[in-house]
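Using the sequences plus the hints, can you model the full thing?
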Amino acid sequence: MTLRYLTPWECMMVHEHIEKMPVRRADSHKRDYGRVFVVAGSPGMTGAAFLCSQGALLSGSGLVTCGIPESLNRIMETKLTEVMTLPLAETGDGSLGLKAKEKILDFSKKCDVIAIGPGLGAGSQTRALVRDLIGSTEQPVVLDADGINALEGELEPLRKRGYRTVITPHPGEMARLMGKDTGEVQSNRTDIAKSVAEVTGTVVCLKGHHTVVADPEGMIYVNETGNSGMATGGTGDVLTGMIASFIGQGVDDFSAAVSAVYLHGLAGDIAAEKKGQFSMIASNVLECISDAFNKAGI
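My numbering puts the sequence shown at residues 7 to 304.
Just so you know, the hints here were simulated from the structure itself, not pulled from any lab data.
Note that the structure is a prediction, hence the values are computed from the model and not measured.
Hints may contain errors.
[Unchecked claim] In the DSBU-like style, the derived pairs of lysine-lysine whose C-alpha atoms are separated by at most 35 Å in a straight line are:
{"id": "1", "residue 1": "LYS26", "residue 2": "LYS281"}
{"id": "2", "residue 1": "LYS105", "residue 2": "LYS26"}
{"id": "3", "residue 1": "LYS36", "residue 2": "LYS107"}
Here is the structure:
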């Protein structure tokens, strides 16, 4: 198995963004490294909430809280040790409902960033909740998975939001968001990421082979780390947590996305060396985040 690592020049460019990470001072405490609020999960999808929350914690966040449908709270308290949980009002099918909105907004005021979407589900109330949250919260938002699907065919809610936002679609989610065919997205990845970033005023992280990160000012980063072993459920949830973590630690949105994408791919490459591309899973990527940080000199 041959894995490609970045050239020294490419590494230098990435490190310009990574160097914006805060220095871990000897006299610091947990609140110096940001509080991340993850709004995620539904019946059958607690793993997405777990992976996103752990991704944030392992990327240096001082505090991480996972907002979860109340009937799933005991499960998440069992799965998560260092991450706190916040049980939220749910619908009859166990997904987050509109009644959760005020509790989410109230708690988010204590946080530095909100990650919304992993494993949320596609129920009508859940989609309406996501749209309301996007339009109401002033906190930075990292929007992923079902959070993006809640905006199917509409870029306007993102454009109107007016606050810091990063979206992390895979090609299918980007196609649904834009009302296009997935093949069209795949054949024009850089142009589409750049266009959506400019139109919506968000940082776009279009995942896939050579993940593309674009900002509203036209900056583009095309990633070279990562491998096909990462084409497995949950790796995107890990990335969402990593991006949210870096934003919560005070890194600007574009640098947070670039750094997270690079380190996430590097963790995947290290996991592939240990486990092999056929057998590696998202949890292996989590386990290798610290190795990636060390390899990158963080």
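Need the status of pair LYS36, LYS107: alpha-carbon distance at most 35 Å? Distance ~27 Å between LYS36 and LYS107 Cα, so the pair holds.
35 Å Cα cutoff - pair LYS26, LYS281: holds (31 Å)
Hinted pair LYS105 and LYS26, Cα distance within 35 Å: Answer violated: LYS105 to LYS26 is near 38 Å, above 35 Å.
Hint 2 from the earlier list is the only one contradicted by this structure; the remaining hints agree with it.
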